[in-house]
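> As given, the protein sequences belong to chains E, S and W, one line each in that order. Under our numbering, think of the first position of the first sequence as 30, with each following residue one higher. Under our numbering, think of the first position of the second sequence as -3, with each following residue one higher. Under our numbering, think of the first position of the third sequence as 53, with each following residue one higher.
Calculated from the structure, these hints are not laboratory results. Think of the CB as a built atom: it goes at the ideal place given N, C-alpha and C, for glycine as much as any other residue. Check before you lean on any hint, since a few could be wrong.
[As the list claims (entries may be wrong)] Here are a few chain W residues that face chain E, going by a calculated C-beta distance under 7 Å: (1) P445; (2) Y457; (3) V477; (4) L480; (5) V491; (6) V594; (7) T595; (8) G640.
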Amino acid sequence: MTASIFLNGLQYLGYILIFPGFLFCFLCGMLLTGIDRKLVARMQKRVGPPILQPFYDFFKLCGKETIVPAAASRTTFLMAPLVGLAALVVIQLFIPIRGFSAFSGMADIIVILYLLLIPALAAILGAAASGSPYAGVGLSREMVTIIACELPLVLVLLAIAKTVGNAMGTGLCFSLSEIARYQVENGSLITKLSMIPAAVAFAMVIPGETGSHPFDTAEAETEICEGMHAEYSGAPLAVFKLSHAVKVLTMTSLFVALFFGGVGTGITAIDGVIVFALCVVATALFISFVHAVTARLKIEQVFKYYWTVVSGLALISLVLAWYGL
Amino acid sequence: MIQFNYICSFFLIVLGFYTIVTKYNLVKTVIGMSVMDYGVNLLIISIGYNPGGTAPIFTAGELTRASYFVDPIPQALTLTSIVIGACVTAMSMSLVIRMHESYGTLDTREIRRLRG
Amino acid sequence: MNFANMTDYHHFPIYAIMVLFLGAFIIAASGGKPSKNPNNPAGFRAWIALIATAASLCFLIALIRPVMLGGEVIAYWMGSRGISGGYAIGIALEVDALSLFFALLIATAVFVSAVYSIRYMVHDDCVPQYYVLYCLLAGGVLGLVLSGDIFNMFVMVEILTFAAVALTAFRTKVYGALEAAFKYLVVGCMGSTAILTGVIMLYAQYHTLNLAQLASLIPGTMNNATKLAFAFLYIGFSTKAFIVPFHPLAADAHGAAPASISVLISGVLTKSGIYGIMRLTYFLFQTMGLGRMQFMLVFIGSVSMFVCVTMALAQHDFKRLLAYHSISQIGYVLAAYHAMNHTLFKGLLFLAAGAVLHETGTTDLGKLGGLSKKMPHTTVLFLIGAFSISGVPPFNGFASKWMIYQASYQKAVDTGNIGFLLVTVIALVTSTLTLASFVKVSQSVFFGQLPKEYENVKEVPFGMRLAMGILAALCVVTGLFPKSVTALLTEPAAKAAANVGSYITSMGFKTSLPAVEVSFVEAGVWEPINWLLILCIALLAVTIVAVAGKYDRVSETTSENVETKYQLFYGGEENVYSQVGGGDLFWGFKHNWRHYFDFMHKLHSGVVNDYALWAVVALALAIVYMMIAL
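Okay, chain E solo, but in the shape it has when bound:
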């Protein structure tokens, strides 16, 4: 009895630390950003950095001196990156990978929606604690971007809840493991007509949530010196960079889990590779390609775009789902 509890505990610890937790997030997230940077460079006819460049950057930053400005609130300033990273890893644990799900029975899509706020909030509080006016402008823009992305995300998630709930006979379903089970039985959600606009809307939300072009107003290097990260240096900055990488992974794998779920092979390692491959495709399409062909928007344009075009698409999907298409 004690031994089995111990083994269970060890298993869960393994989930948290290795797969699909830390190590997986670290490696895959960094790899995704590396691929993204390479792709963007190739699309712009540059050679671009090696794919492992994010790793090099990370370890280099860790070796640098960490400077806390005299005006900053030390504890908040230093803790914020760590909390943000930990929260992102936890979200990753809840997202089902094909048939395999470490903890997905413990949270639903509404919880995920709110958990996604925590990393952003941590970054915002860290920026606020630094006392820098650049960070002040940056956090203001970050918050507006969050508001902008929230409406389409809500509509998409409600549409999914309705569609899956219809098929399950419960009317609505918020549970992630149920959604995964539905896709195992009935095929991916993307094959439903009503879900196509939702998938497009969600794909458009990905660059906004991860803060990449053209929605990177919050850290516009050329105007406000990376905004929220203006005062960060050394290891905390490295953690922020890592958080960004993990967020790319989280958003793309959430996209894959919600719309491209389905039957797994039963072997977790292979499933992981399949999901990662799909994530790479999603990143290439929705982050790298969009990055390469667009220029940065102004913050009020970001807001307007999300609340009109993207929300409109999500709304179409919700209406279709409402009438059972």
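Put chains S and W on the given structure of chain E with help from the hints.
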């Protein structure tokens, strides 16, 4: 003719509302609140009225099944309501005096530091 | 009367009310001379108020076992004059789980705020009188929720309105305090008149004032007069709850009143209004087309939510901003059981605002900044409150909002009513907007740069931190154990609200209403404890790796004469004071909504006539809706 009382009381209540909404003088606003109160008091007392009933004051021996008197409860309620109405007037007048001291006017259109 | 009889728990409700009024009386009788102690100008009177509120809370806690867990409805006839000839001739206190739920909230808020007041009110004059009004207000609200007599409810409403108006105007020197009190008095008085009119029209129909008897008589005998009565009562209690369109009054009153009173206005007065509306809707008039009624409440709740959260985004004053949020959250309360958490986190936030005001003398967002270095504890407590109200997991706001989303969307699916779907969306978006405005507050007040004039600001005294700490602890605990809280408090209250039949019979009246079984179905899953456990392990892992990787190899300086590398980066410009904050922080959002904000700004004109007009229009609309739709 008890309906006339009802009509009158609602007329008074609405008149009170009208005064509060349209008059820009603080004292008139307070008057409006009083008028509103009188309307309600009239309504309460009319509801308890039984035509031909006597005052509800009896000793134990006199009270029989056939005793016919006006309902005493609304009268008690009216008394409470009148007291409360007097309190409202006193309180609002004291506020009006203090406001006149600090704003130098009784015009509601100028007493709007807090808005938005 | 022997002693054993006096300690019977059936007497506890009246004791809980009486100790407060008795406290008010003793304080008033002891005269208004301030004591010489500079840390407590009210002297022993403050302790009397504290003891009275604590005693009241204890009496109510003792009632949890029989009422919440045992499901008993306590019927207490004053002077043992009960029912005679089928009619209630006595005045009754009736305590069921719903009453007790609200009473516990109120007593907790009142007690915590009393603890806070002792050190908070040191700069004021006439502090003894403050405690008189304080106890009156507390007694009035408690009397309202425990009363079983609808006219007594009206009397208690008047007592609490007077006390609240007087306390709003208490700091007469504060910008706009008199004005706020007067507006509140005028519209509040219109509300009270509406309640009295409604009460008397019910009396005319049913010749009784007892709630249980009314609830047993009304079903099946509805006519236009009762509908009219309902419209009047509904509007009357809405003015007490400050829901749309009465929200500007709350903003004014909160801004002007001392912070300890703002806690009561938001955590206690609004709840009394909500309690009144619930009693009316689910008790007295439960047969009048409940679906339509619920739809109206939920509709008004959503409007309150959205209008007030956007108004809050446009505010420049800390307390006004909190006031609008308070009403925005009341929208959630109307839609579902969010009441308890609202009292906790809202109280905490107002106390934090009070702490800032106490130390700096201002609540203007444009003037403050960087206080987290000077007031670290207040900052942490404020952040807990802010996370709770914004619904960030795992704090209590999230747990209750999460249930609201589930419930409203389930309702939308079950009834096919697209309106409820809209409610879910509005509730979710409002939550993010709430977060945005608290980011604004934390950036403008606690973070960013410290203005020169606040260099000598200190942390607030222990008594005030203690009060905030109690509320913060409750916020965290109720967030982590939502299931236990639901089982202990909210579920009995919800069942009591639906179970009118047992309420009526336990008061000694007959009813044909069947007992209703309430069940809670959840469409999603959320296990905060496990989540927190995982987060802690993850955080621990990150921290260990970070420390091993010399994350804390931090060089910083605290000397006045800082090296260049410890100064903020200004892109080569001269280092100047430049705090980003105040009202325009979310310019990108407000720009897109500028027409809406302009319109709202014009609408909230601050003229008392306009607010009175809104009240009249609301009354008219309510009457029309009741007559047509029900």
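> Please verify that hint: V477 of chain W, Cβ, nearest Cβ of chain E, below 7 Å or not.
6 Å, holds
> Quick check on the hint: G640 of chain W CB to chain E CB, less than 7 Å?
With a minimum Cβ separation of about 3 Å from chain E (threshold 7 Å), the hint on G640 of chain W holds.
> Quick one, is the L480 of chain W hint okay against chain E at 7 Å, beta carbons?
5 Å, holds
> Double-check V491 of chain W for me: the hint is only fine if its C-beta lies closer than 7 Å to a C-beta in chain E.
Status holds, d = 5 Å.
> Would the hint on Y457 of chain W stand, with a C-beta cut-off of 7 Å toward chain E?
6 Å, holds
> Next item in the hint list is V594 of chain W. Is there a CB on chain E closer than 7 Å to its CB?
Holds, about 5 Å.
> Under the criterion of a CB-CB separation shorter than 7 Å, is T595 of chain W in contact with chain E as hinted?
6 Å, holds
> Just to be careful: measuring from the Cβ of P445 of chain W to every Cβ in chain E, is the smallest value less than 7 Å?
5 Å, holds
The structure fails none of the hints (numbered hints given earlier).
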